[in-house]
Amino acid sequence: MEAQANTAKYKSVLKKARQVNEAMPKDLNPPLERSELSRDPYETPLSPNPPPFFETSKVTKERISMINFGPSGWLSEEEINLLKNVILLRQKAIAFCAEERGVLKHSYGKPYTIRVIPHEPWQNKPIPIPKSILPQFIELVREIICTGLYEKSTSSYNSPVFCVEKPMENLE
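Residue numbering for the sequence shown follows our numbering, beginning at 1 and increasing consecutively.
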C-alpha cells in the first residue's frame, strides 16, 4: 500500500480568520414550535394484551431483529410484544435505513439562518481522495445527497472533504 500525506502551507497571523462580535437579531431563528396534535394520545391507551406481531411492507421480522431490546431476560415476552406493537403503530416515525430518514417539517421550525458579515469567500484546495477508493467515495456522496443530508449548492465557498476507511472496509 502506498503512503500518502496531505500537508498545508503555513498561514501567517495576518491571514487568520477572526470572529466578529455582533448581536444577533431576535427574530432571525425563532424556536421550534410544537404543532397541535390531531388527537389526544391518552384517549386511546395501549392495550395490555397487544395483538400478535404481523409484518408490514416497512416493519419486517428482519428489521425487528435489528432492534436491540436489551440483554436477554431484561424484558418479558409481554413487554417485547408491547414494544413491537408500538413500533407497528408508529412505523411512519421510524427509519431503518438512511433512505427512509426524512427532514424536519417546516411547520415545526423554519430552516436555520446563519448570518455572515460581508467578506471574500474562501476557496480551499480539496484534499485528494486516493484513486483506490474514489468510486466508493463518489457512490457514498451520491447516497448522502439522495437522503437529503447533503444539499446541492451553488455557493461560492469551497471547503475540503475527506474520507476515512473504517475497519470493516466501509467509508465515512
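Errors might be hidden in some of the hints.
As the list claims (entries may be wrong) - Within a straight-line C-alpha distance of at most 30 Å, the following computed DSS-like cross-link-like pairs (lysine-lysine) qualify: (1) K152 x K105; (2) K58 x K131; (3) K110 x K131; (4) K105 x K92; (5) K131 x K152; (6) K58 x K16; (7) K166 x K16; (8) K166 x K125; (9) K61 x K84; (10) K152 x K125.
Stated by the list, open to error - Pairwise CB distance ranges, derived in the manner of DEER restraints: (11) L83 x S57: 13 to 21 Å; (12) T113 x C163: 16 to 24 Å; (13) E55 x D27: 13 to 21 Å; (14) R90 x P126: 54 to 62 Å.
By construction, these hints were calculated from the structure, which means they are not laboratory data.
By construction, the Cβ of each residue, glycine as well, lies at the ideal position given by its N, Cα and C atoms.
Hints, verified against the model:
For the hint linking K152 to K105, the alpha-carbon distance of about 19 Å falls within 30 Å, and the restraint holds. For the hint pairing K58 with K131, the CA-to-CA distance comes to about 37 Å; that exceeds 30 Å, so the pair is violated. Between K110 and K131 the alpha-carbon distance is near 40 Å, which puts this suggested pair outside the 30 Å criterion. Of the supplied pair hints, the one linking K105 and K92 holds, its CA atoms being roughly 14 Å apart against a limit of 30 Å.
Straight-line distance between C-alpha atoms of K131 and K152 comes to about 24 Å, which keeps the hinted pair within the 30 Å bound. Restraint check for K58 and K16: not satisfied, since their Cα atoms lie roughly 51 Å apart, outside the 30 Å limit. For the hint pairing K166 with K16, the CA-to-CA distance comes to about 33 Å; that exceeds 30 Å, so the pair is violated. In summary, the hint linking K166 to K125 is supported, as the alpha carbons are separated by about 24 Å, within the 30 Å threshold.
A hinted pair counts as satisfied when its Cα atoms are at most 30 Å apart, and K61 with K84 qualifies at roughly 10 Å. Taken as a hint, the K152 and K125 pair is honoured in the structure, with Cα atoms around 19 Å apart against an allowance of 30 Å. For the pair L83 and S57, the supplied restraint of 13 to 21 Å holds, since their beta-carbon distance comes to about 20 Å. Taking 16 to 24 Å as the suggested C-beta distance range, the pair T113 and C163 does not conform, at roughly 30 Å.
Taken as a hint, the range 13 to 21 Å is violated for the pair E55 and D27, whose Cβ atoms sit roughly 48 Å apart. The hinted range of 54 to 62 Å is not satisfied by R90 and P126, whose Cβ atoms lie roughly 42 Å apart.
Comparing the model with each earlier hint shows violations of hints 2, 3, 6, 7, 12, 13, 14; every other hint is respected.
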